[in-house]
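Protein chains: 2
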Amino acid sequence: MDILVIGGGGMVGVKLINRLAAEGRLGGKPIGKIIRQDVVLAPPPPASSFPIETLIGDLSSPGEAEKLVALKPDVIFHLAAIVSGEAEADFEKGYRINLDGTRYLFEAIRKVGGGYKPKVIFTSSIAVFGAPFPEAINDEFFTTPLTSYGTQKAICELLLSDYSRRGFFDGVGLRFPTVCVRPGKPNLAASGFFSNIIREPLAGQEAVLPVGEDVRHWHCSPRSAIGFLVHAATMDTAKLGNRRIVTLPGVSCTVGEQIEALRKVAGDKVVARIRREPNETIMKIVSGWPRNFNAKRGLELGFTTETSFEDIIRVHIADELGGKIA
Amino acid sequence: MDILVIGGGGMVGVKLINRLAAEGRLGGKPIGKIIRQDVVLAPPPPASSFPIETLIGDLSSPGEAEKLVALKPDVIFHLAAIVSGEAEADFEKGYRINLDGTRYLFEAIRKVGGGYKPKVIFTSSIAVFGAPFPEAINDEFFTTPLTSYGTQKAICELLLSDYSRRGFFDGVGLRFPTVCVRPGKPNLAASGFFSNIIREPLAGQEAVLPVGEDVRHWHCSPRSAIGFLVHAATMDTAKLGNRRIVTLPGVSCTVGEQIEALRKVAGDKVVARIRREPNETIMKIVSGWPRNFNAKRGLELGFTTETSFEDIIRVHIADELGGKIA
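Keeping their order, the protein sequence lines are chains D and Z. Each number in this note's numbering corresponds to the 1-based position in the first sequence with 2 added. Each number in this note's numbering corresponds to the 1-based position in the second sequence with 2 added.
So that you can see chain D by itself, here it is in the shape it has in the complex (with noise of 0.2 Å):
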């Protein structure tokens, strides 16, 4: 089995491949090789029983797709993407890389014809809901983006599940919650004080607080992630109809309730790290944001994750901290 990683030098990339490579098979199928793609090299590959080879390139450049899907992968997952705040302060590079490369992509797939049906897995997100919501949203209520970003992955998820249904390939497409703790440096994304508050106390800095800690929203953490892209790419698809889309279980909880799992967790020591600086901006943008839902698709489908913030407080301590903290 053949598989290729669109998006492979991104967080998520990266860790898919780790984990592809520790396991050396996908749905107890032995892995032949993986195609790992992106625009930035990526770190290098990790020690594995097959090939892991890289492309750079841009899936929005002209025959781009048709180059990765002649190589006939049997599994696709695509990652890549811009993020939100850059798709919403660039207009068309958003529409380019987001929806365009994502469409050229579904399209080479079709072209290759001669019974070639790879199985497709599509990373959408949360923000394909807009405000306002109910408290927690069921997997049935509609898309209203209130960015560009939100828009193409709704859009994406609409061609991927006609695609399916004609038949050109088996496409599944993962709402994913908030990505929480995600390891690196701080960046400058709206979400990352979700991630920095734990973060960066749990590494002896400080962090900073730019909202109340009322604000709920829906998490899971970087190991789940690779969890809901492995469950695609080996569940029974058929379980899903024409309704390729799932909304992923998560986490929901306020800010004040990530603090006291961190102190739970860690103690008065490392929350005493985090600063409050309110910021006006950051809380209008967070304040369109989902706060929970009811994934009970998800969770039928055998999905699974966290069932508290404290559990994704200590896979972070696990997986990136070797289990300790400073």
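I should point out that these hints are in silico values taken from the structure, not numbers from a laboratory. It is possible that some hints are incorrect.
All copies of an identical chain are treated as equivalent in the list; a pair is satisfied when it fits inside any one copy or across any two copies.
[As the list claims (entries may be wrong)] Listed below are the simulated BS3-like cross-link pairs for lysine-lysine, each with C-alpha atoms no more than 25 Å apart in a straight line: (1) Lys241 <-> Lys119; (2) Lys95 <-> Lys119; (3) Lys113 <-> Lys17; (4) Lys31 <-> Lys271; (5) Lys298 <-> Lys35; (6) Lys241 <-> Lys286; (7) Lys69 <-> Lys35; (8) Lys241 <-> Lys17; (9) Lys74 <-> Lys31; (10) Lys113 <-> Lys187; (11) Lys266 <-> Lys326; (12) Lys187 <-> Lys266; (13) Lys266 <-> Lys35.
Using the hints provided, position chain Z relative to the given structure of chain D.
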């Protein structure tokens, strides 16, 4: 005020232009001119106090959208599309006409700049919904189309909403009920029988009913359809907020109720011209279609339509038959 009608040669386009020509104004403002555009020659324009220009072209051809937008119309009615059956039979043509054509139009408007911000009225469809659904679909139900046509309409809805949110134009997307009684000859559309079983018997002709009398569907008259377009072009769009798409009100009734309404309006002799000829293919297609809506928001926004199928039949007799039944 200058008005562009894309798809001006179709049934709805012709009736819209006839009404605008008769009234001479839109939203209280005198009409300067109408440009009607279509791929085929429309019938001669109606008498009017202002010029009506005809342009023949394909919106999905390079440069066509730019040419139309360069005329800087104040209001653009975008009615052009290929129908459901054709978009399903010809995948590439459907995406080219129904998706790319619309996107070209939106992009052309965005690129004019300099404060140009027309009103854009887009005809969407209840085909954005796919079974299974509740008995009555509410305003927050999700879009899971089961045809490529419905997918293309749902994508254009998302684009229209994002371009409007960004301020590139002032868009309204209208999810039309099935327009009934369609004037003209019986056609091959799977939905054709809803109109055929009324129109043909009223004209002294036999009509074929391919489904059972328990089939329920969602209708409005052509007169209402034009009313929806005019209301959308003249309403206060601030009331829409960022939710630019409106599910329109309609009449939900079964085929049996349609026939009883015909009996009340036109008598047993006319009803006797309906011949039952069950067609499994059509039954299967129709089973995936919406049956009923709770179009609360559309009504609150001031869209109005018939309240019974008898009214729909009476509109047909008045507008198409000069008040006379064969």
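Verification of the hints:
{"no.": "1", "hint": "Lys241 <-> Lys119", "result": "within (18 Å within a copy, 46 Å between copies)"}
{"no.": "2", "hint": "Lys95 <-> Lys119", "result": "between (29 Å within a copy, 22 Å between copies)"}
{"no.": "3", "hint": "Lys113 <-> Lys17", "result": "neither (31 Å within a copy, 41 Å between copies)"}
{"no.": "4", "hint": "Lys31 <-> Lys271", "result": "neither (47 Å within a copy, 69 Å between copies)"}
{"no.": "5", "hint": "Lys298 <-> Lys35", "result": "neither (35 Å within a copy, 54 Å between copies)"}
{"no.": "6", "hint": "Lys241 <-> Lys286", "result": "between (39 Å within a copy, 21 Å between copies)"}
{"no.": "7", "hint": "Lys69 <-> Lys35", "result": "within (16 Å within a copy, 50 Å between copies)"}
{"no.": "8", "hint": "Lys241 <-> Lys17", "result": "neither (27 Å within a copy, 46 Å between copies)"}
{"no.": "9", "hint": "Lys74 <-> Lys31", "result": "within (17 Å within a copy, 59 Å between copies)"}
{"no.": "10", "hint": "Lys113 <-> Lys187", "result": "neither (41 Å within a copy, 38 Å between copies)"}
{"no.": "11", "hint": "Lys266 <-> Lys326", "result": "within (15 Å within a copy, 82 Å between copies)"}
{"no.": "12", "hint": "Lys187 <-> Lys266", "result": "within (24 Å within a copy, 74 Å between copies)"}
{"no.": "13", "hint": "Lys266 <-> Lys35", "result": "neither (43 Å within a copy, 71 Å between copies)"}
Comparing the model with each earlier hint shows violations of hints 3, 4, 5, 8, 10, 13; every other hint is respected.
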